[in-house]
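What follows is each chain in one-letter form.
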Amino acid sequence: MSAMAILSIFVLAVFVGFEVVSKVSSTLHTPLMSGANAIHGVILVGAIIVADHSETNLELGLAITAIILATINMVGGFVVTDRMLEMFKGNKK
Amino acid sequence: MSRTLYDLIGLAAGVAFILALKGLSHPKTARRGNLIGAFGATLATLVVFFYANPGSSLPLNHLGLILGAMAIGLLIGVPAARKVQMTQMPQLVALFNGVGGGAAALVAIVEYLHLGADATTAEVIFTVFTVIVGCVSFSGSVITFMKLQELMTTRPVIFPAGRFIIAATLVSVIGVGGWVVSALGTAPLLILAGLSLLFGVLFVLPVGGADVPIVISLLNAFTGLTVAASGYVLDSVLLIIAGTLVGASGTILTRKMAEAMGRSLFGTLFGAFTAKAQDATGAAEERPVKSGSPDDVAILLNYARRVVIVPGFGLAVAQAQHTVRELADLMISKGIDVAYGIHPVAGRMPGHMNVLLAEANVPYEQLLEMDEVNPTFGQTDVAIVIGANDVVNPAAQTTPGCPIYGMPILEVNHAANIIFLKRSMRPGFAGIENELLYDPKTMLLFGDAKASLTQVVSALKAL
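Those protein sequence lines, which keep their order, are chains A and B. For the first sequence, the residue numbers in the working numbering are 4 to 96. For the second sequence, the residue numbers in the working numbering are 126 to 588.
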């Protein structure tokens with residue numbers, strides 16, 4: 004992909020990122036931080052890709068560790084965020 | 126699967142993440158937003174197994190190991206997320222962020238080992254950037270975890286020539302980073318990773334306990350950026366979008382939190398470097414305070430028309446959320462006007478107290494935000510401060526130079542009577558003495574918050 008295309012994606016994503024959270028109330032800061040945290044767990048995709056083309060045992064070992072850590076980040080993040088938000092919902096009745 | 130389809134599905138996952146963040150910004154849509162995000166992440170993960178990268182073939186090499194590693198991650202992550210107590214939420218978020226940063230750094234290290242002579246300078250720079258920032262995020266998060274879990278002191282750790290050491294570490298990180306970029310080699314990279322880990326530790330050590338959430342949020346944004354940089358190197362649009370989104374929204378969130386605490390972001394991060402180590406203990410311990418019994422408290426409440434409850438982290442530690450709700454219900458049944466005053470950073474993280482009280486089914490309408498409740502303290506007969514300290518400390522308004530100076534507070538000092546439920550005279554999380562405890566209109570009720578509240582409830586019932 005061209006550097007220009009990547010730069011465009013990056014800059015537009017920065018603005019989207021700013022916009023979507025600009026109006027969040029302090030009530031939701033904790034779940035939002037936790038949810039955003041879960042999203043960067045998608046580095047799992049990167050960890051799987053590097054595990055696939057690992058050639059030495061060192062590389063493979065590092066990549067497998069990365070997969071474990073990234074899975075914890077991603078799955079744990081979404082589960083715990085859901086647990087928090089479930090309570091908020093019950094509250095609104 | 127063709128590259129086009131692979132990229133389209135990646136794009137769909139990216140859109141899901143945008144919708145997730147958007148949904149998380151509003152209480153009504155928050156849960157659905159989070160589920161959309163989880164769906165996007167699942168989709169993105171599944172699709173990797175069906176696309177052969179150039180020079181590779183399906184099924185993926187080491188498929189068994191990959192699936193096994195994911196299973197281990199699931200077995201660790203899901204129970205941790207299910208069992209964690211709501212009071213420990215900030216620590217868990219810090220840990221999850223740390224492992225994410227660590228994963229990004231490891232991915233970058235493997236990538237680096239793979240970079241051949243044909244690697245572009247940009248690829249090398251982004252890889253090295255990810256190693257540095259991922260390591261900082263990892264070790265910094267571990268320190269925030271230890272501070273929040275009180276495995277180490279929550280006060281700012283200031284060491285002699287601290288500023289110099291931190292600056293020197295940063296300079297050497299950048300220097301070694303440049304070396305690693307210009308001369309590919311495994312040893313220099315490991316030195317760089319080590320230095321970056323050290324910098325993460327040094328960077329967080331001087332931050333005081335109350336400011337730790339801001340740092341977690343910042344490190345969260347850092348991890349996002351490393352994911353975006355990995356996306357560039359791994360040629361994945363999805364990682365670029367997801368990482369940038371988290372980086373950008375994390376930065377805004379960090380700034381909002383800092384605002385809620387009345388600090389500039391810069392001051393939070395670098396203020397501690399210039400702060401003097403404080404003596405929070407001292408002659409103050411000897412001063413007289415007025416302590417009361419649960420009966421005294423019940424009598425005071427019985428004749429009040431308006432009571433504001435100010436819950437703090439101590440309330441949650443004592444697991445007294447349900448008991449405080451019982452007390453509030455009892456007072457309401459006696460015709461007393463009851464509200465909760467919630468400080469934006471009550472608990473250990475912005476919005477944490479709302480989560481904790483939601484868990485105890487406290488009706489949403491009784492929770493007043495700081496701006497709503499502050500003007501009413503003048504008409505409030507009794508303010509009950511339960512396990513909170515820093516968020517009602519007038520020093521934030523009156524003592525320039527103290528670590529919480531400038532933080533907006535709940536102005537309970539304007540109420541006619543103040544009751545503090547405390548375990549001891551120990552200062553709050555920020556480690557600062559609270560003058561309000563010695564005020565003549567203040568009554569202290571010592572003991573475990575839950576036990577104390579239970580006694581107050583039965584005393585009030587008897588009246």
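Calculated from the structure, these hints are not laboratory results. Some hints could be false.
Derived DSSO-like pairs (lysine-lysine); straight-line CA-CA distance at most 27 angstroms [said to hold, decoys possible]: (1) B:K153 x A:K26; (2) B:K208 x B:K459; (3) B:K575 x B:K459; (4) A:K26 x B:K147.
Status of the hints after comparison with the structure:
The hinted pair formed by K153 (chain B) and K26 (chain A) meets the criterion: a straight-line CA distance of about 14 angstroms does not exceed 27 angstroms. A hinted pair counts as satisfied when its Cα atoms are at most 27 angstroms apart, and K208 (chain B) with K459 (chain B) does not qualify at roughly 38 angstroms. A hinted pair counts as satisfied when its Cα atoms are at most 27 angstroms apart, and K575 (chain B) with K459 (chain B) qualifies at roughly 21 angstroms. This hinted pair checks out: K26 (chain A) and K147 (chain B) have alpha carbons roughly 10 angstroms apart, not beyond 27 angstroms.
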